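Participant: Protein chains in written order, with our numbering: chain G, 1 to 364; chain W, 1 to 364; chain L, 1 to 364.
Since the hints were derived computationally from the structure, they do not count as laboratory data.
Every value quoted in this text rests on a predicted model; they were computed, and no experiment measured them.
Hints may contain errors.
Here are the simulated lysine-lysine pairs, DSSO-like style, with alpha carbons at most 30 Å apart [claimed, not checked]:
1) Lys2(L) <-> Lys272(L)
2) Lys189(G) <-> Lys62(G)
3) Lys272(G) <-> Lys189(W)
4) Lys2(W) <-> Lys62(W)
5) Lys189(L) <-> Lys189(G)
6) Lys189(L) <-> Lys122(L)
7) Lys272(W) <-> Lys189(L)
8) Lys189(W) <-> Lys62(W)
9) Lys272(W) <-> Lys2(W)
10) Lys122(L) <-> Lys189(G)
11) Lys272(G) <-> Lys189(G)
12) Lys2(G) <-> Lys62(G)
13) Lys122(W) <-> Lys189(L)
14) Lys2(L) <-> Lys62(L)
15) Lys272(W) <-> Lys122(W)
16) Lys189(L) <-> Lys2(L)
17) Lys189(W) <-> Lys122(G)
18) Lys62(W) <-> Lys272(W)
Covered stretches of chain W, going by a simulated chain G footprint (3 or more residues, C-beta under 8 Å) [what the hints assert, rightly or not]:
19) 138-149
20) 168-174
21) 186-192
We treat Cβ as the ideally placed atom computed from N, Cα and C, and that holds for glycine.
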Amino acid sequence: MKPLLAEIRHNPMLWLLAFVPVVFVASRLAPEADTLLFALSVLAIVPLAALLSHATESVAAKTGDAAGGLLNATLGNLTELVIAIAALRAGQYTLVKASIAGAIVANTLFMLGASFLLGGLKHHVQEYNRAGARLQAGLLFLATVALLVPSAVAVSDSRDLTAFMHQLSVGLAVLLIAAYGLGLLFSLKTHREFFASAEHGDAGEAPWPLGLALATLAGVTVLVALISEVFVESVQGAALELGMSPAFVGFIVVALVGGAAEMASAFSGARKNRLDLSVGIALGSASQIALFVAPVLVLLSYVIGPAPMDLLFWPGAVVMVFIATMTAALVTNSGRSAWFVGTLLLMVFTVFAMTLYLLPPRAQ
Amino acid sequence: MKPLLAEIRHNPMLWLLAFVPVVFVASRLAPEADTLLFALSVLAIVPLAALLSHATESVAAKTGDAAGGLLNATLGNLTELVIAIAALRAGQYTLVKASIAGAIVANTLFMLGASFLLGGLKHHVQEYNRAGARLQAGLLFLATVALLVPSAVAVSDSRDLTAFMHQLSVGLAVLLIAAYGLGLLFSLKTHREFFASAEHGDAGEAPWPLGLALATLAGVTVLVALISEVFVESVQGAALELGMSPAFVGFIVVALVGGAAEMASAFSGARKNRLDLSVGIALGSASQIALFVAPVLVLLSYVIGPAPMDLLFWPGAVVMVFIATMTAALVTNSGRSAWFVGTLLLMVFTVFAMTLYLLPPRAQ
Amino acid sequence: MKPLLAEIRHNPMLWLLAFVPVVFVASRLAPEADTLLFALSVLAIVPLAALLSHATESVAAKTGDAAGGLLNATLGNLTELVIAIAALRAGQYTLVKASIAGAIVANTLFMLGASFLLGGLKHHVQEYNRAGARLQAGLLFLATVALLVPSAVAVSDSRDLTAFMHQLSVGLAVLLIAAYGLGLLFSLKTHREFFASAEHGDAGEAPWPLGLALATLAGVTVLVALISEVFVESVQGAALELGMSPAFVGFIVVALVGGAAEMASAFSGARKNRLDLSVGIALGSASQIALFVAPVLVLLSYVIGPAPMDLLFWPGAVVMVFIATMTAALVTNSGRSAWFVGTLLLMVFTVFAMTLYLLPPRAQ
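Go ahead and model the full structure; you've got the sequences and the hints to work with.
Facilitator: What follows is the structure, given as structure tokens:
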């Protein structure tokens, strides 16, 4: 327990852990106070996500290169996955899909853009591993295409395609998971030299002992799962009370909450002029969501959901995801960055956020 | 006045200034002769635009680097702005929007393509500053995305979104102008070394004295404004008489007339193997229209227009602008050019022009 | 005849020639057995396409550089053209259009992807002429844009545009053929040094004598034309019996059958680490279909078709072609390849194939 307590003392973000018990108490005492429960659960999820991320990296560091990379790649977006599973069980498929699309957009535009901006404010021009970024952007592009084609086809066809969509979604989910596995084989085994510098771990922090890391992983996952239920139950009510559209909540708020811990790592890497790290986290996380989290959710919906979930997205989300991945591909193509590149990525994100914020309800 | 007269004697394009008084006389004598007035005002605007461009550069040369760059960037598309304001005051929002989208397409496809072709007919392979072009193409891409997202969202949503569109358009206009300001800060101040070779000024011409330049700037702007009114009033009638669709007139004719002066500079740069100059003018002008002229027109519509103007474009125009900026990004990525690259850019422009020319009326 | 017989003995694919007479006998004896005739004609077309390809290259090798290049470029997709003409004469415009779009997608995703995968399984990282690939991908991108703009405009406009579409299609066809001619002038004459390493010919095989090559070219073209009629007549019935959608048949099956011979060359080049050859065949063939075969079919439809054919594609096909060419442009941009790049291209192709396979009939 000692390294855990030392970490908590050291890292102010973890002081937010105090909100974890508060959420449970509040959800008992005031189950109707949606906005309060929403705010409390956001504040509680952020430090838990940071702990999860640190524990995953510690286990990965102990288990050696390939297995560790596999672990990092699989559990790297555990918070997003747990939140989405809570929404899936509640049958809130619109929220699940919005949070998938939103996570891709938030990682490629907000996380990457803020990293470029924060790094660029301190360093005149920053260089990063162009080959690695290009390969990852390429993977992400292809993954996104795979994810979005069904929606594009459905838009251009006015018939009822429900059965077709379910069949296609399952087929695509299997295909995407296979591609994800082959991608791990490629980046961890056959061609790992290309990905060397974009490691997920934050070199500054010492890894925990294996036992503590595993216990943290298990315990915190349970806590995130419990709080996610409060979060999912309160989020729509809070959105209504705060005057936010459900599209905005799913796309922007959930995505930023779920990715908070990784953003902290990416931003700190950028400030230390280790932009490889930031680009790797941002694009790696985005492609993990597209290639792993999304298809797992589709398949899980047959087991734990009230009904099967398909991969049919709201057309506006399709456009946004497509623009986001293409922007990332174009921007990372040069391997150089300055503050204005980050500003423009953030601006595109703001355009999306503004559009979704102003969009009248019932739009999803 | 002497340098002005010398310039006029020297530059055959300026002999067209003789049409300026003819326009005013003709608009009194034959206010119904739309085709005649249209042709005359086109012939009169072209030399005035050239004068405006030269005067702006002269003022810029006198006021020093940063302020001069700012001036050039702000007044570089003054002709387009003045014509669009005339259309705005007349409530012809379809024409305003078509001319915005058309100017982006004409700059990225026609101006760039003709520069590559003209340069390539004289020089086997031409190289240009790849970093600068890539950055500018990136800016343009992001600006275009920002401009087009509302239209894309609106297309995918069948509800009445008028109020939403107006709120969003004002928000985007403010955002774009802020991005434009930050872009100037970036290219003129913090990272100006990247843009060094893509200066707007044509080194071959001597700058005028400040007084003359300022007087020309003021006087010619008034003349352009007056002739623009004749142009805007006659353009629809002329289109009808000439059998051209309004989409073609707004998108192709107005854009080519407004950009004639800059095209002359870009083409001459390409012939002199100074392709940096040509690419800088073409892409810089396109991004200025997207990031500065368009949002200024949206905000101005609240002051001088009969009704607020939004940023909702005709879907066909959205597709064309998107393809044009993506083509520019792909083509300028290599930093090399030959005649066939220019031919293909011109071919894409011809595809658009042909489509709009043949499109039956009432299509906008 | 001796080299021809030697070739047949040497190359197992040519043993399939035995199916050529079988097709003719079967089509007499069992004209209603669609699935059988379909399978037999596929088996017969594949070796004939290989012979055509070899004969074309032999003629090209004899007639010298420029004329040979012209021949290769014009007759390189003769099989696809002959099949499409058979479908055109039968008035099956949906099949013609699907096979055009499908050939572009199959060449850029399947042929390129399988080349990368097969090459990558043998060689760790493969490099190829980046400048050449980039130029060809650029040409292909621009050609595709030209081909798809009318569909995009039509989608965004709900009026009846039949007359407009026919006018536009003829105009575009003329424009595309002109661009194709200029492209040949560029790649064979003024700038041929850029295309040097991407020659179409397979250096391993000795060219045939001119007389034999010309006779083979003529005789085999007639055979392909005759078998194509059986193929086109049986394909829809076979699709029904096999439970495949017409979209799947046109887009996937016809495209793979028509391109089988070129695929064999491209794959063999990739295994021999001559990836320039593979990329050249794949992208060159795709742009030839877009710039030459498609417009020729439009113009031919006025002469031999029951009615004029336009260039209006099913929106889903537009999306797929657009994604395919953009993927090719992004992927070939780096000039390097490994097995996973090929895997991902194949995955995108599988996404398309799966979508079309599952799509319920009446979707085109």
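Participant: Now tell me if each hint is right for this structure.
Facilitator: Verification of the supplied hints:
no.: 1; hint: Lys2(L) <-> Lys272(L); in the structure: 28 Å, holds
no.: 2; hint: Lys189(G) <-> Lys62(G); in the structure: 18 Å, holds
no.: 3; hint: Lys272(G) <-> Lys189(W); in the structure: 24 Å, holds
no.: 4; hint: Lys2(W) <-> Lys62(W); in the structure: 18 Å, holds
no.: 5; hint: Lys189(L) <-> Lys189(G); in the structure: 46 Å, violated
no.: 6; hint: Lys189(L) <-> Lys122(L); in the structure: 35 Å, violated
no.: 7; hint: Lys272(W) <-> Lys189(L); in the structure: 24 Å, holds
no.: 8; hint: Lys189(W) <-> Lys62(W); in the structure: 18 Å, holds
no.: 9; hint: Lys272(W) <-> Lys2(W); in the structure: 28 Å, holds
no.: 10; hint: Lys122(L) <-> Lys189(G); in the structure: 16 Å, holds
no.: 11; hint: Lys272(G) <-> Lys189(G); in the structure: 28 Å, holds
no.: 12; hint: Lys2(G) <-> Lys62(G); in the structure: 18 Å, holds
no.: 13; hint: Lys122(W) <-> Lys189(L); in the structure: 16 Å, holds
no.: 14; hint: Lys2(L) <-> Lys62(L); in the structure: 18 Å, holds
no.: 15; hint: Lys272(W) <-> Lys122(W); in the structure: 9 Å, holds
no.: 16; hint: Lys189(L) <-> Lys2(L); in the structure: 35 Å, violated
no.: 17; hint: Lys189(W) <-> Lys122(G); in the structure: 16 Å, holds
no.: 18; hint: Lys62(W) <-> Lys272(W); in the structure: 25 Å, holds
no.: 19; hint: 138-149; in the structure: holds (count 7)
no.: 20; hint: 168-174; in the structure: holds (count 3)
no.: 21; hint: 186-192; in the structure: holds (count 3)
Checked against the numbered hints listed earlier, the structure breaks hints 5, 6, 16; every other hint is satisfied.
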